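Visitor: So the protein sequences, as listed, match chains A and B.
Each residue of the first sequence is one higher than the last, beginning at 1 in our numbering.
Each residue of the second sequence is one higher than the last, beginning at 1001 in our numbering.
Among the hints, a few may not be true.
[Said to hold, decoys possible] Here are the simulated EDC-like pairs of lysine to aspartate or glutamate, each with C-alpha atoms no more than 20 Å apart in a straight line: (1) B:Lys1092 - B:Glu1012; (2) B:Lys1092 - B:Glu1029; (3) B:Lys1092 - A:Asp111; (4) B:Lys1092 - A:Asp63; (5) B:Lys1069 - B:Glu1046; (6) B:Lys1092 - B:Asp1082; (7) B:Lys1092 - B:Asp1079; (8) B:Lys1069 - B:Asp1047; (9) B:Lys1092 - A:Asp58; (10) B:Lys1069 - B:Glu1014; (11) B:Lys1069 - A:Glu71; (12) B:Lys1092 - B:Glu1046.
Simulated from the structure, these hints should not be mistaken for lab results.
It should be emphasised that the depicted structure is a prediction, and the values quoted were computed from it without experimental measurement.
One letter stands for each residue in the lines below.
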Amino acid sequence: MEYLMLVIDEDDDGEAWEPVAADFEAWVADADARGVRIRGNRLAPPTEATVVKHRAGDVLRSDAPLSEAKEWVAGYDLLEAATLDEAVDVASRHPRARTGRIELYPTVPLDFPNPQH
Amino acid sequence: MQYVMFVATDPEAEPFVAAEDNIGQWAAEVDARGVHVFGQRLRPVEDATTVRVRSGELLVTDGPFTESKEWIAGFDIIDCRDLDEAIEIAGKHPMARFGRIELRPIWPFDVSEDPVEREEREAGDRGRRTEPALGS
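Model the full structure from these sequences, guided by the hints.
Guide: Written as structure tokens, this is what we have:
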């Protein structure tokens, strides 16, 4: 099963962020060693986000995310896990599981038998 | 520049019309241009799982943590010249019309760097837009 793992930076009930405790290196090394992590990266802060909409034939852009949430998606990883339990186990070891939360979304491949559709 | 395109639903967008969903055409174009790195549709949001660790205890819940009328239906990673090209590509995606697209530049970092030094070095980059802003 393939999962998109979204790393949410912080939650009201999460631990305070202490950079010294955030061992991303160990997490990446462990997830890579298990062969579960396909790719992943950190995302620039939400001030760098751009929202694109196509409305009535016009492409509209705005600079910030439209949602007013305090928290944001700080990074993503793509996981290939045997089961949801394995994905949860890997996600739970991520430093942001303590300060924020991790959301796992199973992917569903789209088929394009005909390029028109 | 690599961007993650979060393909999101938007209650204010026009209703989805399957017959006008040209995602196959979009995929063929971005592949032909060599700007598409990877992408995938996601299962409906009810299938999400939220993972938290609080006071050393693992908490697993079904669904996303926050209730929202908007959710991420898919994602793509694109490698573009600049933000303008990313906007052009995002604007052609059928979900720009039936939803909205959020572009987030990736922010690579060296995991072996000392985390405190990294935090100090990058402090000035937080809360400041370096991507071209509207009207600039």
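Visitor: Does glutamate 1029 of chain B lie within 20 Å of lysine 1092 of chain B when you go C-alpha to C-alpha?
Guide: Satisfied, since the Cα-Cα distance of roughly 10 Å is no more than 20 Å.
Visitor: Is lysine 1069 of chain B within 20 Å of aspartate 1047 of chain B, Cα to Cα?
Guide: holds (15 Å)
Visitor: Are the Cα atoms of lysine 1092 of chain B and aspartate 1082 of chain B separated by 20 Å or less?
Guide: holds (16 Å)
Visitor: Between lysine 1092 of chain B and glutamate 1012 of chain B, is the straight-line Cα distance small enough, at 20 Å or below?
Guide: Holds: lysine 1092 of chain B and glutamate 1012 of chain B sit about 18 Å apart, inside 20 Å.
Visitor: Take the C-alpha atoms of lysine 1092 of chain B and aspartate 111 of chain A, compute the straight-line distance between them, and say whether it is at most 20 Å.
Guide: holds (19 Å)
Visitor: Taken at face value, is the distance from the CA of aspartate 58 of chain A to the CA of lysine 1092 of chain B at most 20 Å?
Guide: Roughly 10 Å between the alpha carbons, so the hint for lysine 1092 of chain B and aspartate 58 of chain A holds.
Visitor: Lysine 1069 of chain B and glutamate 1014 of chain B: Cα distance at most 20 Å?
Guide: Measuring from Cα to Cα gives roughly 15 Å; hence the hint holds.
Visitor: Tell me if the straight-line CA distance from lysine 1069 of chain B to glutamate 1046 of chain B falls inside 20 Å.
Guide: Measuring from Cα to Cα gives roughly 12 Å; hence the hint holds.
Visitor: Quick one, are lysine 1092 of chain B and aspartate 63 of chain A close enough, alpha carbons at most 20 Å?
Guide: holds (18 Å)
Visitor: For the pair supplied as a hint, lysine 1092 of chain B and glutamate 1046 of chain B, confirm whether the alpha-carbon distance does not exceed 20 Å.
Guide: Not satisfied, since the Cα-Cα distance of roughly 28 Å exceeds 20 Å.
Visitor: Regarding the pair lysine 1092 of chain B and aspartate 1079 of chain B, is the alpha-carbon distance no greater than 20 Å?
Guide: Roughly 16 Å separates the two Cα atoms, so the pair holds.
Visitor: So if I understand the rule, the pair passes when the alpha-carbon distance is 20 Å or less; does lysine 1069 of chain B with glutamate 71 of chain A pass?
Guide: Satisfied, since the Cα-Cα distance of roughly 17 Å is no more than 20 Å.
Comparing the model with each earlier hint shows a violation of hint 12 alone; every other hint is respected.
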